[in-house]
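Chain B: place on chain A using the hints.
Listed below are the residues making up each chain.
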Amino acid sequence: GDSVTQTEGQVALSEEDFLTIHCNYSASGYPALFWYVQYPGEGPQFLFRASRDKEKGSSRGFEATYNKEATSFHLQKASVQESDSAVYYCALSENTGANTGKLTFGHGTILRVHP
Amino acid sequence: EAAVTQSPRSKVAVTGGKVTLSCHQTNNHDYMYWYRQDTGHGLRLIHYSYVADSTEKGDIPDGYKASRPSQENFSLILELASLSQTAVYFCASSGQGRENERLFFGHGTKLSVL
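Order-wise, the sequence lines are chains A and B.
Numbering-wise, the first sequence is residues 1 to 115 according to the working numbering.
Numbering-wise, the second sequence is residues 1 to 114 according to the working numbering.
Since the hints were made in silico from the structure, they are not lab data.
A hint or two may mislead.
Claimed, not checked - Sample of chain A residues with no beta-carbon within 10 Å of chain B, all distances over it, derived:
no.: 1; residue: 17
no.: 2; residue: 24
no.: 3; residue: 42
no.: 4; residue: 55
no.: 5; residue: 56
no.: 6; residue: 60
no.: 7; residue: 62
no.: 8; residue: 77
no.: 9; residue: 79
no.: 10; residue: 93
no.: 11; residue: 113
Unchecked claim - Computed from the model, here is a short list of chain A residues facing chain B with C-beta under 7 Å:
no.: 12; residue: 43
no.: 13; residue: 44
no.: 14; residue: 46
no.: 15; residue: 50
no.: 16; residue: 107
Beta carbons: idealized from backbone N, C-alpha and C, even for Gly.
The following block holds chain A by itself, in its conformation from the complex:
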């Protein structure tokens, strides 16, 4: 079945550092790709999505580019802030046209940003 792999389980950075969280996927079709963010004590929140090769998704200074050849959707931010500390989830949707909204999530990456 479909799967999503996030390489980093935890990332520790200082404020104004550059962030990369790696996400690779395995899917039989042409999935839509997502990033969700979960702040402490809350449920995950949609960050952005991309649905075709070379499309860039972005929100709140975060961005990721759909790379079909590399089967990747890496999250980046040029300058992180302490308020970015959260768990980040990469996810995919089968995008079969049935539009069930069923997502397959990665295991999540804990980001800690120190002042």
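Same frame as chain A, but now just chain B:
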């Protein structure tokens, strides 16, 4: 702002007991979902529903039942709770078409089975 409310926020249950987790949404969304969150596993889909009075199995449905009595309400039922079902449970809703891939989550229910 879309709103999904879960109750209770936390619960302690005994092994073999029955547990019901409730979810209410005011988004007028057709789709609702129950996900389970475990450390090291991320979020996994248990059950979902796209219309009232109908539910579908997700990726890990064993040991769980779901009920969707109305568009607004979606419950997750553990008939015989087990230690392995200790986790945080999230309910979510989404709209039609492309928007149904944008999930709106509740704050979660922390379930401890002892």
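So, going through the hints one by one against the coordinates:
1. 17: holds, 24 Å
2. 24: For residue 24/A, whose nearest Cβ neighbour in chain B is about 14 Å away, the distance exceeds 10 Å, so it holds.
3. 42: violated, 6 Å
4. 55: holds, 13 Å
5. 56: The claim stands: residue 56/A keeps its Cβ more than 10 Å from every Cβ of chain B (closest is about 17 Å).
6. 60: Per Cβ check, residue 60/A is outside 10 Å of chain B; nearest 15 Å; holds.
7. 62: It holds; residue 62/A is separated from chain B by about 16 Å at its closest Cβ, greater than 10 Å.
8. 77: holds, 21 Å
9. 79: At about 26 Å from chain B, residue 79/A clears the 10 Å cut-off, so the statement holds.
10. 93: About 5 Å separates residue 93/A from the closest Cβ of chain B, which leaves it inside 10 Å; violated.
11. 113: Holds, since 21 Å exceeds 10 Å.
12. 43: It holds, given that the least Cβ distance between residue 43/A and chain B is near 3 Å, below 7 Å.
13. 44: OK, holds: residue 44/A within 7 Å of chain B, min 5 Å.
14. 46: OK, holds: residue 46/A within 7 Å of chain B, min 5 Å.
15. 50: violated, 11 Å
16. 107: Holds. Min distance 4 Å.
When each numbered hint is compared with the structure, violations occur for hints 3, 10, 15.
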